[in-house]
Amino acid sequence: MERTRREFLYRCACGGAALAGGLALPCGRVVARGYDDKIEVKLYKKLADRKIQCFVCPLHCILKDGETCFCRTRTNHAGTLYNHAYNSPCVLNVDPIEKTPLLHFLPGTKTLALGLAGCNLRCLYCQNWQIAQDEPVNTKNMKLAADDAVAQLRAKDLPTIAFTYTEPTSYFEYALEVATAVRQAGRRAVMASAAYIETQPLQELCAQLHGMVLALKGFDQEFYLKVCGVRFDPILKAIETAKASGRWLELTTLVIPTYNDAPDQIRDMCKWIVKNLGPDVPLHFGRFVPEYQMRKLPQTPVQTLEECRNIALSEGVRFAYISNVAPHDGNHTYCPGCKSVLIRRIGLKVLENNLKGGRCPKCQREIPGVWA
Amino acid sequence: MHVCDWKAAALLVFAATMPCDFGAESASPPNPVRDAVADLRRDINLYNLVNGLQLSRQQTATILELARQADAARSEAEEKAQGALKSARQAFADLRTAVASNQGIPKDVEARANRFDQQLKDLRERAEEQTKALEEKLLATLSDGQKLVLANYKHCLIPTPDLKDPTRVGQASGTDRATAVLRMLRQIPKPVYDRDREQIFARHMELISKHLGKRTPEEEAAFKQKFLAVIDEARALSDVDFEVQKERLADALKPKDKIADAVKAMEAVGASLGKPGKAAQILLAPGAAGVLAERLALLSAPDGRAQTDLNKIQPADSCQDGKCALDGPGNLAPDRKPGKKEGR
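Chains as they are written, first to last, in my numbering: chain A, 1 to 372; chain B, 1 to 344.
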């Protein structure tokens with residue numbers, strides 16, 4: 001094939017540039033597609049030979065120099081552990097707070113929802129796998145420091161910021177910094193988490209948050225190990241810790257056909273919730289939609305979700321919801337006393353809010369939640 | 001691609017307000033294939049609505065019963081109309097002869113034609129009243145949320161994203177097309193954008209005319225100004241500002257849906273005349289009972305909820321290489337590699 005002199009020179013220049021670039025960058029380094037920043041991790045221990053051990057989540061990863069934690073965000077740089085998921089959300093939206101999903105927390109308001117790449121779980125059905133199952137260097141990030149986040153809340157007059165979409169544990173340092181700044185600015189921070197986090201960082205985070213929704217993805221060790229890639233016990237411990245913090249807490253369970261929808265398991269889960277957290281913690285049963293590595297399963301039948309909700313109500317859970325199915329009567333908030341509809345919703349949208357000062361207008365019963 | 005056949009929808013609204021159009025004859029010859037396609041289209045449209053409404057088993061059973069009653073009422077009305085149709089045929093034939101000769105219409109011919117026409121109208125109105133009564137019962141079974149879905153439902157072959165894949169809790173990506181368009185336009189290099197700005201608008205206008213109705217030149221000029229201003233603003237914003245404001249910008253890109261407005265206006269006219277509404281047109285239409293019976297059977301079938309054997313699950317690839325937490329921290333080897341080497 002013949003080439004012109006111009007083509008030859010152009011290709012030589014490209015090759016030279018690529019070679020020079022390759023030499024200048026550390027081997028295997030991927031250049032971030034957007035903003036890249038890092039912060040030293042708070043909770044880790046330095047070991048011999050420049051190894052470190054991370055204590056943010058129950059995995060307690062031990063890393064040699066140059067290695068990255070299971071969460072894909074924390075890397076050992078010559079014996080110092082840095083988190084690259086810092087000041088760099090890859091997704092930012094103004095969402096209804098119901099999408100978090102918090103249903104007893106300022107219903108009908110909007111929240112500045114953000115997520116950074118990475119997650120310390122490996123759920124086979126992850127709906128945000130493109131960002132949650134990737135590293136911050138591979139996602140297109142934006143620069144949003146804590147001050148910027150507060151400025152955006154003020155500019156848009158938003159009452160809350162939500163750490164959602166991915167796992168806040170993987171960017172704990174950033175979440176803590178932002179939540180602190182938001183609290184100081186008189187606004188509120190909430191998070192959605194899988195609750196696979198150590199007690200100390202969770203307590204630190206809870207001290208700055210105003211509310212959270214934690215995922216109780218199943219109710220046995222085997223399900224968690226095989227489907228989510230983590231152990232089950234730390235989840236329950238974290239949920240109890242979150243409840244003990246006094247912050248507003250809601251729970252969510254994605255009901256996956258044949259995996260975690262056995263009525264007995266749902267019943268055990270509800271019994272545990274009522275016994276250990278109390279009957280007032282709202283519980284959401286979400287419809288599974290085939291995603292990621294579980295594409296061959298069908299959607300959760302609505303009847304299954306209804307059955308789960310009925311089990312929860314019969315076991316004493318006062319506020320049981322059905323999500324990802326709309327319209328459905330399970331979207332609404334009912335008074336546990338007189339059964340009247342307090343908040344009528346269609347999916348993520350609030351159609352009417354009948355609460356008066358956090359109470360049922362009919363029977364005056366106080367409804368738990370953050371209403372103002 | 002969403003195939004929302006608006007013209008068909010508008011025609012359907014008119015056609016369906018006349019449950020039994022006695023005396024009307026099809027303009028085209030019978031064509032079984034065309035009829036089969038039309039039946040499939042009708043069934044799909046009905047399924048799309050039924051799926052969107054998330055009907056419970058009880059609701060499906062109730063609506064099925066109403067659809068069967070509507071079928072029975074239609075058959076009965078059809079039967080009753082047979083005699084009137086025969087008489088009307090003779091009267092209309094006489095009227096045709098008189099009109100064709102253009103020599104004036106004899107009084108008795110005119111009176112007979114009028115009488116039988118009125119008879120057919122009365123029969124049709126009685127059938128409509130019956131359908132309307134059934135529709136009221138149908139609406140009473142629906143929740144407020146379902147009524148809202150019904151009101152916003154657009155006849156379609158492929159369901160719209162809000163019906164097919166509604167936004168889920170915790171979902172990072174949105175399904176709004178206007179936002180996606182804006183995001184794409186932000187990526188275009190400035191020289192290319194400056195060069196193709198007019199073309200972009202022309203293409204957008206073409207799509208608007210096709211799907212939302214044609215604009216007058218004045219409307220188009222006003223929309224052009226707004227459209228280009230929104231795009232210029234979207235392009236000028238920082239990434240963070242764009243993400244925070246994209247919803248507002250996307251809303252500004254969406255012009256008035258003239259076709260939907262026209263359909264709603266026709267529905268309102270129909271309602272003011274006491275004609276059956278959208279619920280009857282779709283859920284009580286001929287053939288609806290078959291679809292609803294099929295759906296009821298599906299809802300009544302045991303869902304076979306056997307527990308999955310978790311030992312048969314192949315963990316995620318990413319989980320295998322990192323060994324996840326399957327071995328637990330207590331079993332971690334001192335030099336275990338939880339993550340892949342990044343070489344930062």
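No wet-lab data here; the hints were simulated from the structure.
Watch out, some of these pointers could steer you wrong.
[As the list claims (entries may be wrong)] In silico lysine-lysine, DSS-like type, Cα no more than 30 angstroms apart, as pairs:
#: 1; chain 1: B; residue 1: Lys-86; chain 2: B; residue 2: Lys-164
#: 2; chain 1: A; residue 1: Lys-110; chain 2: B; residue 2: Lys-154
#: 3; chain 1: B; residue 1: Lys-256; chain 2: B; residue 2: Lys-226
#: 4; chain 1: A; residue 1: Lys-140; chain 2: B; residue 2: Lys-154
#: 5; chain 1: A; residue 1: Lys-140; chain 2: B; residue 2: Lys-254
Remember, predicted model here, so these are calculated numbers, not experimental data.
Results for each hint:
Between Lys-86 (chain B) and Lys-164 (chain B) the CA atoms are separated by roughly 48 angstroms; this puts the pair beyond 30 angstroms, and the hint is violated. Between Lys-110 (chain A) and Lys-154 (chain B) the CA atoms are separated by roughly 28 angstroms; this keeps the pair inside 30 angstroms, and the hint holds. Note on Lys-256 (chain B) and Lys-226 (chain B): the hinted pairing holds, with a Cα-Cα distance of about 13 angstroms set against a maximum of 30 angstroms. Distance check on the hinted pair: Lys-140 (chain A) and Lys-154 (chain B) sit about 36 angstroms apart at the alpha-carbon level, beyond 30 angstroms; violated.
Between Lys-140 (chain A) and Lys-254 (chain B) the alpha-carbon distance is near 27 angstroms, which keeps this suggested pair within the 30 angstroms criterion.
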